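Colleague: Respectively, the protein sequence lines represent chains A and B. With our numbering, the residue at position 34 of the first sequence is 37, and numbering never jumps. With our numbering, the residue at position 727 of the second sequence is 893, and numbering never jumps.
Read the hints as simulated data drawn from the structure, not as lab findings. For clarity, every value in this text was computed on a predicted model and none was experimentally measured. Be aware that one or more of the hints could be misleading.
[To be verified] Pair by pair, the computed Cβ-Cβ distance ranges are:
#1 A:Ala-128 / B:Leu-950: 49 to 57 angstroms
#2 B:Val-702 / A:Thr-127: 40 to 48 angstroms
#3 B:Arg-233 / A:Glu-22: 43 to 51 angstroms
#4 A:Leu-67 / B:Val-702: 32 to 40 angstroms
#5 B:Lys-484 / A:Pro-124: 19 to 27 angstroms
#6 A:Ala-128 / B:Glu-303: 53 to 61 angstroms
#7 A:Glu-133 / B:Glu-555: 39 to 47 angstroms
#8 A:Thr-25 / B:Ser-379: 57 to 65 angstroms
#9 A:Leu-67 / B:Gln-570: 52 to 60 angstroms
Where a beta carbon is used, it is the ideal one built from N, C-alpha and C, also for glycine.
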Amino acid sequence: MSEHRRIAVVVNGTPYEAEVETRKYLAEFLREDLSLVGTHIGCEHGVCGTCTVLMNGVSVRSCLVLAVQANGAEVMTVEGLATDGQMHPLQEAFREKQGLQCGYCTPGMLVRAYELLEENPEPTAEWVREGLANNLCRCTGYQYIVEAVLAAAERLRGSSVAEGQPFEPATSSRTNQEA
Amino acid sequence: MVETREESAERKWVGKSIQRIEDPRLLLGRGGYIDDMRLPGMLHAALVRSPHAHARIKSVNVEAARRLPGVTAVVTGEEAAELCNPMPDFGPDPTRHEWRCLAKDKVRYVGEGVAAVVAESRAVAEDACDLVEVEYEPLPPVVDPEAAMEPDSPLVHDALGSNIAYEKTMVFGEVDRDFEGADVVVSDHLRWHRSSGQPLETVGAIGNFDPGSGMMTIHVNSLTFTSYLFMVANTLKVPSNRLDIHPHPAGGSFGSKFWAVKVAIIAGMLAKHTGRPVKFIEDRVDNISNSDHHGSDRTYQVELAATRGGILKSLRVKVVDDYGAYIQFGVGHHGNALAQAVGPYRIGSLQYELHAVLTNKCQQGAYRGFGSEVQNWVLERMVDLMARELEMDPVELRRKNFIQPDQFPYFIPNGNLYDSGNYEGVLDKALELSDYESWREEQRRLREEEGRYVGIGICTAQERSVFSATEFWFWFDEPAAPVTSMPESVTLDVDAMGNITATLYSCAFWGNSPETMVAQLVAEEFDVEPSQVNVVYSGTNQGLPATGPGGSRFTVMIAGAVQGASKKIKDKAFKIAEHLLEAAPGDLEWSEGGVAVKGSPDRRKELSEIAMAAHLFKHSLPDEIESGLEADQVYDHPYTTMPSEDRKNLGVFYPFVGHACHIPVVEVDIETGKVSFLRYTAVHDAGTVVNPRSLNGHIIGGIAQGLGTALLEEFVYDESGQLLTSSYQDYLIPSALDVPEVVVGHHETPSPYTVHGIKGAGEGGRMMAPAAISSAIDDALRPLGVRVRELPATPERILGWIEAAQAQSSS
Chain A
4 MSEHRRIAVV VNGTPYEAEV ETRKYLAEFL REDLSLVGTH IGCEHGVCGT
54 CTVLMNGVSV RSCLVLAVQA NGAEVMTVEG LATDGQMHPL QEAFREKQGL
104 QCGYCTPGML VRAYELLEEN PEPTAEWVRE GLANNLCRCT GYQYIVEAVL
154 AAAERLRGSS VAEGQPFEPA TSSRTNQEA
Chain B
167 MVETREESAE RKWVGKSIQR IEDPRLLLGR GGYIDDMRLP GMLHAALVRS
217 PHAHARIKSV NVEAARRLPG VTAVVTGEEA AELCNPMPDF GPDPTRHEWR
267 CLAKDKVRYV GEGVAAVVAE SRAVAEDACD LVEVEYEPLP PVVDPEAAME
317 PDSPLVHDAL GSNIAYEKTM VFGEVDRDFE GADVVVSDHL RWHRSSGQPL
367 ETVGAIGNFD PGSGMMTIHV NSLTFTSYLF MVANTLKVPS NRLDIHPHPA
417 GGSFGSKFWA VKVAIIAGML AKHTGRPVKF IEDRVDNISN SDHHGSDRTY
467 QVELAATRGG ILKSLRVKVV DDYGAYIQFG VGHHGNALAQ AVGPYRIGSL
517 QYELHAVLTN KCQQGAYRGF GSEVQNWVLE RMVDLMAREL EMDPVELRRK
567 NFIQPDQFPY FIPNGNLYDS GNYEGVLDKA LELSDYESWR EEQRRLREEE
617 GRYVGIGICT AQERSVFSAT EFWFWFDEPA APVTSMPESV TLDVDAMGNI
667 TATLYSCAFW GNSPETMVAQ LVAEEFDVEP SQVNVVYSGT NQGLPATGPG
717 GSRFTVMIAG AVQGASKKIK DKAFKIAEHL LEAAPGDLEW SEGGVAVKGS
767 PDRRKELSEI AMAAHLFKHS LPDEIESGLE ADQVYDHPYT TMPSEDRKNL
817 GVFYPFVGHA CHIPVVEVDI ETGKVSFLRY TAVHDAGTVV NPRSLNGHII
867 GGIAQGLGTA LLEEFVYDES GQLLTSSYQD YLIPSALDVP EVVVGHHETP
917 SPYTVHGIKG AGEGGRMMAP AAISSAIDDA LRPLGVRVRE LPATPERILG
967 WIEAAQAQSS S
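Based on the sequences and whatever the hints tell you, model everything.
Modeller: Rendered as structure tokens:
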């Protein structure tokens, strides 16, 4: 029952080696062994998409993938999006568009959106909706998430270097007032 | 009282869509949810759940489980009954339907916990659960609520002697007279199946008991009603002042984390038992089957009376509500329904007959609307039916019966108050935004030219907000606890640098925006930037009374608390400034985040200067000024009155009443039963809006949930009481492809009774969408003679209705 294996895995660019129980899921490995608690667990049966991470550039449900299956793989989680204290344009756009409420599905949603924009830098709203349909969000009704992904796509197209802005711990005085 | 744009122009921060303060940490994966927390030496718990709907527990053998390496303890229901008192229960006569954190003697629904295992890891705890041997003696299940009411039905609770937990008929006004005098009466049988909030994060807690001090600390993602936590302390057998509950951000609630105390009690019990911190996080099956938070499950017989000219006169409602195995909140859900039972209409009398029934299912709790959303659906179904009967346009029938702007404040027949509104204003805006007239033409064209079944729905309904506690007890002639206010509190503390910290005392964060709201409200009071305001959450042991989100109350109540605390601080700041500026009282004014002499704006002291003096230079100030610059404010319900003794008048209990009009355009595929959206328009009046973008997000998200209720989501129990929908493969949550783009509009009618004129608005989307979508499906299928009388309207059901209607018309 408690068989162990040694695995080597690169997570967000950092190499790790660890002894893991063979039945341990990748989500648990990330959260418990690496303290990368940004990857959340929603349904534990592969439907809701909350635990989505990229494995070798492809999205997987980390509640269904065993940690040992990630041996030799490169994994990207939400913690890998922001660099040098700057939010990724997707994170900025989610903030500006209020593409989140409780934030629980958000890491999986961001990772899936990242994958979508890698695949297609010029998406339509319909394409984004379809691409996100495997990730459930219980708060937003998806509309502002779709808007955020489209806004991020535009920003990423606008410059080859991401125009990241330093994030502030509290709201800035910038406002996006609307009727 | 119509548009408030001029008035809101006087406000600097209230009314602005500033970015949310909560969001950066959530976007960075640093949300701080309960499962992210680890304490040294922490153990993990899992539950053994009942596979039976109704069974006597003959024996529980835990020996094999206890022997498994890594297992620290196994607690059976019988042992839990020694460790803990029964669960807190606000229902009628709790001793006759006793509820415990783990089942003792018998199980009453599939999923009920019968034992808890504590181990070094969650995985080992789950392994050990499989080793616990429970011997059951199955009993006949009580599944159908109507059958449960029969005298010879098996009993869910023997001590109750019946499965009817509560029943009463309330009559307000001259109902019989109004029905006798009516030209037209329509009646219908309506069915609303159970669903629930299903946040993507389940309920979780970490218990931590210090045997040295006797202090029980529990970290939770569910905290409400801090004034009632002595009941949790009683269950855990600790003194009320030795219980400290720390709120953590929740990954969604939608009602389902409202007073969800069982998980916290189990974690606390196990921590006390093992002497180590214990984490218990529900898995998804726990949350679906054992959450204590299923939504309404109702069967209705309804009659609506009107004149031939379309004046609505009276409403008779008979409702059987299937509460499941326990009834923790009593029939407060029907207090909610009564708060807006006659909707936006001048219906002069009301009869409400309630039968609350216990069955072998998970008990009801809270789900966005708390039972009032069902009443909205029922009333709007009946108004649509009346329009059809009278051959009137459903829009015009509604318009004809609206309470008019000059009739506010308006008392509905049972005594609750609607504070303000302009229902025609909302309707007209919705008709305009939805291109209603052109869609009517397009509908005709698509029907005639392409044979497509397109329907336009309408719902004009209420969103009550800010409850007082009377709705939980006015049902009873001799209430055990005639409590009134449900307060909310804040502490504002201006430090020596002039930076402001706001301390909140109820739940941390549920996906609503308490920090953003408070920062905007404080910024408004002090004329500072919201970014200057730090918001923190207190544990309950040092806490002031707080109720937390629920019943769309938080923003209204916290605005009152913030205004009160701000005034206390500013009063003191003025006194200090009088001394520093050598100015007379009354010569000073608050200006640009500081205090200035009227007419001489250069003679001023910044808040930071005043704060520095307040904190450090007490002896330079007049004697009566104490050091520091902070204030508490407990804000009580601003407008509630007591019910009359005979309960002919329930008093004012839910008075800040928003309104909305939703107009969906749908197409029904009559081959598959699938409903798709061509357009969706929602116009809301939530009084003064604090952050429009955030509110729109809640409206759209609420519509998505209402869409789930209307079309997809249902907890199905079969005739043996087995739960057939225990995963997201069977319980269908709307995806991005199911939810349409929503056009949102606002028509602000400020409340005359609340700070800034705010009304609550967190539930409105779900309170309207089921009625609006049902109306649209009706309209689409009208040529086939189909009406929606049961939700969810799944493809399977819709096909069945079409088939039945065709069979009827051909026979």
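Colleague: Each of the hints needs a verdict: does it hold here or not?
Modeller: Outcome of the hint check:
A beta carbon spacing of about 33 angstroms between Ala-128 of chain A and Leu-950 of chain B contradicts the range 49 to 57 angstroms that was offered as a hint. A hinted range of 40 to 48 angstroms holds for the C-beta pair Val-702 of chain B and Thr-127 of chain A, which are about 43 angstroms apart. In this structure, Arg-233 of chain B and Glu-22 of chain A break the distance hint of 43 to 51 angstroms, their C-beta atoms being roughly 26 angstroms apart. For Leu-67 of chain A and Val-702 of chain B, the hinted distance range of 32 to 40 angstroms is satisfied, since their beta carbons lie about 38 angstroms from each other.
Between Lys-484 of chain B and Pro-124 of chain A the beta carbon distance is about 59 angstroms. The supplied range of 19 to 27 angstroms is therefore violated. Taking the beta carbon of each, Ala-128 of chain A and Glu-303 of chain B are about 58 angstroms apart, inside 53 to 61 angstroms as hinted. Our hint of 39 to 47 angstroms for Glu-133 of chain A and Glu-555 of chain B holds, since their Cβ atoms are close to 43 angstroms apart. Here the CB-CB span from Thr-25 of chain A to Ser-379 of chain B is close to 42 angstroms, at odds with the stated 57 to 65 angstroms.
Between Leu-67 of chain A and Gln-570 of chain B the Cβ separation comes to about 58 angstroms, which falls inside the hinted range of 52 to 60 angstroms.
Hints 1, 3, 5 and 8 from the earlier list are contradicted by this structure; the remaining hints agree with it.
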